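Protein chains in written order, with the working numbering: chain A, 1 to 292; chain B, 1 to 264.
Just so you know, these hints were derived from the structure itself, not from any lab. Fair warning: there could be bad hints in the mix.
Under the rule of at most 25 Å between Cα atoms (straight-line distance), these lysine-lysine pairs were calculated in the DSS-like manner [claimed, not checked]: (1) A:K84 x B:K13; (2) B:K237 x B:K67; (3) B:K13 x B:K73; (4) A:K84 x B:K73; (5) B:K67 x B:K19; (6) B:K199 x B:K237.
Cβ-to-Cβ under 10 Å is the rule here; a few derived chain A residues that face chain B [what the hints assert, rightly or not]: (7) R104; (8) A145; (9) S155; (10) A163; (11) A171; (12) N179.
From a predicted model like this one, the values you see are computed outputs, not experimental measurements. Yeah, the Cβ is synthetic: ideal placement off N, Cα and C, and Gly gets one too.
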Amino acid sequence: MSLIAFWGAVELGLVYAFVAVGVFLAFRVLDFPDLTVDGSFPLGAAVTAVLIIAGVNPWLAACVAMVAGAVAGIVTAMLNVRFKILNLLASILTMIALFSVNLRVMGKPNVALINADTMLSPFYGLGLRDFYVRPLFIGVLVLIAVVVVWRFLESDAGLAMRATGANARMARAQGVDTNRQIYLGMAISNALVAFGGALFAQTNGFADVTSGVGTIVVGLAAVIIGETLLGARGILIALIGCVLGSILYRIAIQLALSTDMLGLQASDLNFVTAALVTFALILPRLRRGGAA
Amino acid sequence: MISVQNIQVVFGKGTPLQKQALNGVSLTIEQGSFVTVIGSNGAGKSTLLGVLAGDVLPSAGQVTIGKTDVTRKGTAARAGLVARVFQDPLTGSCGALSIEENLALAAKRGEARGLTAALGPKRREHFRERIAELNLGLENRMGDRMDLLSGGQRQAVSLVMATLAGSEVLLLDEHTAALDPGMAEFVMNLTQKIVSERKLTTMMVTHSMRQALDYGHRTIMLHGGEIVLDVAGDSRKELQVEDLIAMFRRIRGQTLDDDALLIG
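Let's have the full structure, built from the sequences with the hints guiding it.
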């Protein structure tokens, strides 16, 4: 693997760290299996790309993308909380609908951002090579996101959200409006994922309606790899695990694809992903003593 | 003070399984009074507790806690008035959270929850002191996950949780039923201590006639969704478990064949 390929993998891992943290909030904190992310990731990319082309400030475009993602999350939450649709199914419905929404937003399946100003533009040409600038820049944003989410989850409000996912009956007895927590959590989760999509569009120079396929698996892979490596030792460690898992996942994929010995090609990506996630899921059982 | 007036609760209305769980129950519990509630399975005692807690909303009647009419308020909306310890130790606390996080959650019961750190140094110290009073050594395990504790330890912590924030009423839902006899006694003594120290208005549902007579100021027996016995004061002091059974037979005019009532 070349240096550029390595840092490229780290960069992509950091972009998807936002997805991983979002998935962590939905799956682990709220115990809500949310597939909306397959739609909200390209939604974030689409919104940010269209706005940037329209001349909007790229930071503002990313913020609008987050709001769009939050709305998607709220729709899923409403289908589940208000209309009692099974959580997994509710999220699939939103995800399917978002495919059409994303096409409407972009007006075509693919929007290119070549030569457009992005959040990163001011940082290019400061002496550091581009393939270092991108992961460094995104890394700082990830750090900020992790600290904010961590402080939130350890606040009174965050504790209410964690209790909602862990023991809803107890949470209600403590005066927590569990329905509101699901709305809030799904909004934050999908806003983070959409921000990941916005970063993806800005670093890769395009938004594509199909770029969301498998987002949930990638996010979940990162969460599980993180848990497998670092164990369950508090919120901060879990969040660091999400970021680390996301980066390691990308490096592993890059390694698998760049090793000629294995004879893999880019189209084998989904299989490799599934194999990696399966391995990460089985590993803790194997460790516990073989008799899984 | 708690007041329930002409409460009607029907489960599965309009279906073949329709059941009148509470039939016109009226009850007033004065400020600072400790009432115990007994009754066989299906008598309506859990439903009555649910009506007070907000889990069950009655089809008719009125529920007042303190000065607030809570008849149509759900569990979360009235949590500021109601502290509760569940029968199942797993229900009353969050296994995935640490002891001190559970306490932080309970300390804000019924209040707005902001972005302040849930476990600041001051709160930590306060929680530690409260847990140390239990003499279970748990004050050195404040960061441990709640699900590492035994059932009795969890109930003891749940009792502390119930008293961290102010409340008009403490509801105890057979909170010693899932414990071994030694731990049940410990939790009951702790309950007695907390209730009398803090002068809490308390309603305890219990499976044990012994417990129902030994603790509190007043005992109520439910049967078929109605109050069939309500004793307090001197007449209650003289009452024995055997009398209670005899009285139960006389009132209902039928034999008592529910073993669960006789035990304890």
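Evaluated hints:
Among the hinted pairs, K84 of chain A with K13 of chain B is consistent with the structure: their alpha-carbon atoms are about 21 Å apart, no more than 25 Å. With a C-alpha separation of about 31 Å, the suggested pairing of K237 of chain B with K67 of chain B is violated against the 25 Å cut-off. Restraint check for K13 of chain B and K73 of chain B: satisfied, since their Cα atoms lie roughly 21 Å apart, inside the 25 Å limit. The suggested pairing of K84 of chain A with K73 of chain B holds, with an alpha-carbon distance near 21 Å, which does not exceed 25 Å.
Pair hint K67 of chain B plus K19 of chain B does not hold up; C-alpha atoms about 31 Å apart against a cutoff of 25 Å. For the hint linking K199 of chain B to K237 of chain B, the alpha-carbon distance of about 20 Å falls within 25 Å, and the restraint holds. Violation of the interface hint for R104 of chain A is found here, the shortest Cβ-Cβ separation to chain B being roughly 36 Å, above the 10 Å cut-off. Taking 10 Å as the C-beta contact cut-off toward chain B, the hint placing A145 of chain A at the interface is violated, the least distance being around 16 Å.
Interface hint status for S155 of chain A: upheld, as the beta-carbon distance to the closest one in chain B is roughly 5 Å, under 10 Å. Taken as an interface hint, A163 of chain A checks out: its beta carbon lies about 5 Å from the nearest beta carbon of chain B, inside 10 Å. Annotation: A171 of chain A was flagged as interfacial toward chain B, and the flag holds, the nearest CB pair being 8 Å apart, inside 10 Å. This hint holds: N179 of chain A has a C-beta 9 Å from the nearest C-beta of chain B, less than the 10 Å allowed.
Figure legend: structure checked against the earlier numbered hints; hints not met, in rising order: 2, 5, 7, 8.
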